[in-house]
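Starting from the known structure of chain A, arrange chain B on it as the hints suggest.
Each chain, letter by letter, is given below.
Number of protein chains: 2
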Amino acid sequence: MLCQTDPIVGDIEGNKTKILADINQARNENCDFVIFPELSICGYPPDDLLDYSSFVDRCENAINEIALQSKGITIIIGGIERNKGVGRKLFNTAFILQNGLIIERIHKTLLPTYDIFTEHRYFEANAEFKLISINGLQIAVSICEDLWDRHNSFEYIQSPVNQLAKLKPDLHINICASPFHLTKFKKRQEVIEDCVARQDCPLIYLNQSAAHTGILFDGDSGVYNKQAQKVLDLPLFQEATAIYDDAVHNVPIQDHDYDDDMAILYQALVFGIRSYFEKMGFAKKALLGSSGGIDSAVIQALGSAALGAENVLAVLMPSEFSSDGSITDAEKLSKILGNPYEILPIKNAYDSILNIVQPIFKDTPFSVAEENIQARSRGLILMAISNKTGRFLLNTSNKSEMAVGYTTLYGDMCGGLCAIGDVYKTQLYELAKYINRNEEIIPWSIINKAPSAELRPDQKDSDSLPEYNLLDQILELYIEDQLGKEEIIQLGYDSQIVNRVVDLVNRNDFKRWQAAPVIKVSTKDFSYGRKMPLVAKH
Amino acid sequence: MLCQTDPIVGDIEGNKTKILADINQARNENCDFVIFPELSICGYPPDDLLDYSSFVDRCENAINEIALQSKGITIIIGGIERNKGVGRKLFNTAFILQNGLIIERIHKTLLPTYDIFTEHRYFEANAEFKLISINGLQIAVSICEDLWDRHNSFEYIQSPVNQLAKLKPDLHINICASPFHLTKFKKRQEVIEDCVARQDCPLIYLNQSAAHTGILFDGDSGVYNKQAQKVLDLPLFQEATAIYDDAVHNVPIQDHDYDDDMAILYQALVFGIRSYFEKMGFAKKALLGSSGGIDSAVIQALGSAALGAENVLAVLMPSEFSSDGSITDAEKLSKILGNPYEILPIKNAYDSILNIVQPIFKDTPFSVAEENIQARSRGLILMAISNKTGRFLLNTSNKSEMAVGYTTLYGDMCGGLCAIGDVYKTQLYELAKYINRNEEIIPWSIINKAPSAELRPDQKDSDSLPEYNLLDQILELYIEDQLGKEEIIQLGYDSQIVNRVVDLVNRNDFKRWQAAPVIKVSTKDFSYGRKMPLVAKH
Chain A
1 MLCQTDPIVG
11 DIEGNKTKIL
21 ADINQARNEN
31 CDFVIFPELS
41 ICGYPPDDLL
51 DYSSFVDRCE
61 NAINEIALQS
71 KGITIIIGGI
81 ERNKGVGRKL
91 FNTAFILQNG
101 LIIERIHKTL
111 LPTYDIFTEH
121 RYFEANAEFK
131 LISINGLQIA
141 VSICEDLWDR
151 HNSFEYIQSP
161 VNQLAKLKPD
171 LHINICASPF
181 HLTKFKKRQE
191 VIEDCVARQD
201 CPLIYLNQSA
211 AHTGILFDGD
221 SGVYNKQAQK
231 VLDLPLFQEA
241 TAIYDDAVHN
251 VPIQDHDYDD
261 DMAILYQALV
271 FGIRSYFEKM
281 GFAKKALLGS
291 SGGIDSAVIQ
301 ALGSAALGAE
311 NVLAVLMPSE
321 FSSDGSITDA
331 EKLSKILGNP
341 YEILPIKNAY
351 DSILNIVQPI
361 FKDTPFSVAE
371 ENIQARSRGL
381 ILMAISNKTG
391 RFLLNTSNKS
401 EMAVGYTTLY
411 GDMCGGLCAI
421 GDVYKTQLYE
431 LAKYINRNEE
441 IIPWSIINKA
451 PSAELRPDQK
461 DSDSLPEYNL
471 LDQILELYIE
481 DQLGKEEIIQ
491 LGYDSQIVNR
501 VVDLVNRNDF
511 KRWQAAPVIK
521 VSTKDFSYGR
531 KMPLVAKH
Chain B
1 MLCQTDPIVG
11 DIEGNKTKIL
21 ADINQARNEN
31 CDFVIFPELS
41 ICGYPPDDLL
51 DYSSFVDRCE
61 NAINEIALQS
71 KGITIIIGGI
81 ERNKGVGRKL
91 FNTAFILQNG
101 LIIERIHKTL
111 LPTYDIFTEH
121 RYFEANAEFK
131 LISINGLQIA
141 VSICEDLWDR
151 HNSFEYIQSP
161 VNQLAKLKPD
171 LHINICASPF
181 HLTKFKKRQE
191 VIEDCVARQD
201 CPLIYLNQSA
211 AHTGILFDGD
221 SGVYNKQAQK
231 VLDLPLFQEA
241 TAIYDDAVHN
251 VPIQDHDYDD
261 DMAILYQALV
271 FGIRSYFEKM
281 GFAKKALLGS
291 SGGIDSAVIQ
301 ALGSAALGAE
311 NVLAVLMPSE
321 FSSDGSITDA
331 EKLSKILGNP
341 YEILPIKNAY
351 DSILNIVQPI
361 FKDTPFSVAE
371 ENIQARSRGL
381 ILMAISNKTG
391 RFLLNTSNKS
401 EMAVGYTTLY
411 GDMCGGLCAI
421 GDVYKTQLYE
431 LAKYINRNEE
441 IIPWSIINKA
451 PSAELRPDQK
461 DSDSLPEYNL
471 LDQILELYIE
481 DQLGKEEIIQ
491 LGYDSQIVNR
501 VVDLVNRNDF
511 KRWQAAPVIK
521 VSTKDFSYGR
531 KMPLVAKH
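As given, the protein sequences belong to chains A and B, one line each in that order.
Here the working numbering is used: position 167 in the first sequence is 167, and no number is missing along the way.
Here the working numbering is used: position 411 in the second sequence is 411, and no number is missing along the way.
Hints are supplied without guarantee of correctness; some may be wrong.
Which copy is meant is left open, so a pair is good if it fits within one copy or across any two.
Straight-line C-alpha distance at most 27 Å; calculated BS3-like pairs for lysine-lysine [said to hold, decoys possible]:
1. Lys284 - Lys168
2. Lys332 - Lys285
3. Lys332 - Lys449
4. Lys531 - Lys184
5. Lys362 - Lys335
6. Lys524 - Lys433
7. Lys166 - Lys187
8. Lys186 - Lys89
9. Lys89 - Lys531
In short, the hints are calculated from the structure, not lab data.
Looking at chain A on its own, in the form it has when it is part of the complex (with noise of 0.2 Å):
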């Protein structure tokens, strides 16, 4: 039985508890095995709940009582122990459990340290590679990225696929914990044929389903033949399992369509979202500034998904260079979607504040700061609502205003969750068409007309930035693909443009430190997997 779980991080307890469910019921459906996913114990990733020894000794614990119940069937299962000789203090293994005891271990080869990735931080290195034989079958065990040796921006030293190839298996069972992002699914298979090309026998993939903060786990695990066709195939984003059966399940089957990126960007973000406020132990009760602009429209419609409409209480906010439209549009996606909503206007903060620093303001010009007061007076609102009412606050950024600052901090970057910060503008649009693929959900109002902060008179955010078609290109360019300025620029791109959108990313890099985390839907994020200097000039 394959058990694609969704563990808490650092819930020892809580997940034994489900392990132990699953493995019981795998023993009464008379399976051979049961397979558990990398870091099962402790979910992944555990951070630097690794460095406290008292949490370490609690996983090795968890593992010895799980061996307890191993009788009459064999576990495969992911968690840590120490390393009882030189290096760093802990290994990353697969525990495997029969009998009542722990018969091997297989440390992990492959210690990814880029991206979201620290494992250097806390593991020691395999560097011995043998089969394990149970049942008769010579099986191959590996740990996540010891099956993307080849597949990395470098080639790794160690190849763990070849090693075990050599050892000829007759079954290669890879556990994991691997992150999702939009063009994950393709590169797994690439990283899966490849695998099952090299060694020439079936290979079980079992990966986490789970939402830990802000990083997806896809699940998306399966039993590939010799061929790399998947005939076994358990679902996205979703806690599973699944019995393999080798006279059943020898038929290729392809139950998603990795194709379709704004059904699987939507799935996404409802998980992740669903995921933050069950496992942060939140009552399913949210609330959103909700501006009739593009950003809020589709957290409103996402947040409804994952929490229930009733549960999601839209705030307007008007002041006076709020459009009539804007108002009535906001209005009209509540009622649509059936979420309560209140209309506050915030005329007299914005006075009130005013006031209060006129000693310093005096009749200086109109500027960013009294653009700023309202953004911030609103996040005042937001928060003291939150705060009275036990509603969280979901913060609406996306990710082309997050990397030029086209945002105000302690203002629309309050919240607690910034569900759409690693997704573009031009992405957020065809995400709006998506949702309203069969009906109209969000008005078509709110998609069509052009983005405006609607902070001064008659402001639109082409005032300030290239149309977000171009800045969306130029963005991707130089964070997840990594180009320099002048590479860009090679590309035929306008200099003066370039040179301006990437000078406003790094110099917005202080506004992201104080960033609500993001829900990672990129190959590279601002709150993860990304790391730059703050305080440097290039």
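Okay, now just chain B, sitting in the frame of chain A:
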């Protein structure tokens, strides 16, 4: 000549210009060698700038240009270079330049990947050891962590010191970028004594003296004789060069009082604030909210020392819950220091916000929501002044309150640099007394009164928290020493208090996620060195 430089991260052109000037000076002084710290070209830590191929090109080009200036002098300098073989893409390299050429490259062996360090993210490790022969000397060259092979929380598999010692060097040169914390000097002395004992030759230890965001490098470079006595000593927290002459520098010296923690802490924080402003290119103009409490008073004193009192605007924002004493204390502080100050009562902002949220608040009792409206109104006013005047907002949160979340997100957590965010409350009192060691700078009434957030009538911090003496002890055991609850309780602390404090720390990761960068002064800070899962249960 030893060049204890202060590079700007990423500023290859600027750093190169300074390096070339130092080389010229060394040549004019007839030095045989001129030595620069680890990664002098790009500054340390360059973080993901290293992922940009164009950035790597520019670093490599800079080394080639510097090599051209090595006629008649040997240059030893840290930089990066591409790994042309298998493995991670880069090496962290000490280049030996002579007669216009790169004559030797020594790669770093031990790549720290713990606490603030992420070197495995970018670099491949060295595995070969050799001496370089210059001017008849057989010289061992190593890079930073290579000296610390036995002084980590784990033992490295490789020992560069032992490997190099086997080759019998006449001299060992370690170039580094070794970050500061308050107990670093003692640790460094141990490491150097251990190294010198194993190799039986003198050691040149060359560190950068720099602040990169809030990570400080204290310099403290020097030359050690075979008895591990310092015979040439460079200053702390200061860019400097010094010429070593073995005819002159053969007497042990000790310029610094490493034991005066508060003097060192004061120096470190002032250096950190000043560097932040200089390197961000800000005019030296700051503001802060001056509450009459100890936190803002210490920041006001530190800011004045770093930037000049005339450049630090104190904003007093009393509410109905502010005591008269707080306002007079805050005024007195500004008068003593010579800061400009403004008194801006927040009552009208508070009332207008309450009035706006009335449809939701209705007649619910006064709660944390109303408290936070006050804190956030102050944050909003400070940010408005910052935006209007171009003054940079200094945050005033200390480590104790950041730890337990006794602070308001988007309220008193506003600001771009959290200079005392790695300083516990009890340390702050000591620091305040140090500041007052010669005369009353911080009014003694501020230091002697019971701490209060003054957000409701007669509030004291001790209403919600254990006394700071006890709180800080538990925090240090949990955060710095990484002991679990049970282990702390076993040391004799009350289990109820320990559970409550540790739970508070864990529950408030969401606030710290959005906090401004701190200046690191402890072995475990919240901004760079501690990486805990947010959505978790433990």
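Hints, one by one, checked against the model:
When the C-alpha separation of lysine 284 and lysine 168 is checked against a cutoff of 27 Å, the pair qualifies neither within a copy, at 51 Å, nor between copies, at 68 Å. When the C-alpha separation of lysine 332 and lysine 285 is checked against a cutoff of 27 Å, the pair qualifies only within one copy, where the shortest distance is 21 Å, while the shortest distance between copies is 46 Å. Only within a single protomer do lysine 332 and lysine 449 lie at most 27 Å apart by alpha-carbon distance; the minimum there is 15 Å, versus 55 Å between protomers. For the identical chains of this complex, lysine 531 and lysine 184 are neighbours both inside a copy (21 Å) and across copies (25 Å), given an alpha-carbon limit of 27 Å.
Proximity of lysine 362 and lysine 335 under a CA criterion of 27 Å is satisfied inter-copy only: 24 Å between copies versus 43 Å inside one chain copy. With identical chains, the CA atoms of lysine 524 and lysine 433 are at most 27 Å apart within one copy only, with a shortest distance of 24 Å there and 47 Å across copies. When the C-alpha separation of lysine 166 and lysine 187 is checked against a cutoff of 27 Å, the pair qualifies only within one copy, where the shortest distance is 24 Å, while the shortest distance between copies is 47 Å. Within a single copy, lysine 186 and lysine 89 get their C-alpha atoms only as close as 35 Å, which misses the 27 Å cut-off; across copies the closest is 24 Å, which meets it.
In this assembly of identical chains, the alpha carbons of lysine 89 and lysine 531 lie at most 27 Å apart whether taken from the same copy (25 Å) or from different copies (17 Å).
Taken one by one, the earlier hints fail for this structure only at number 1.
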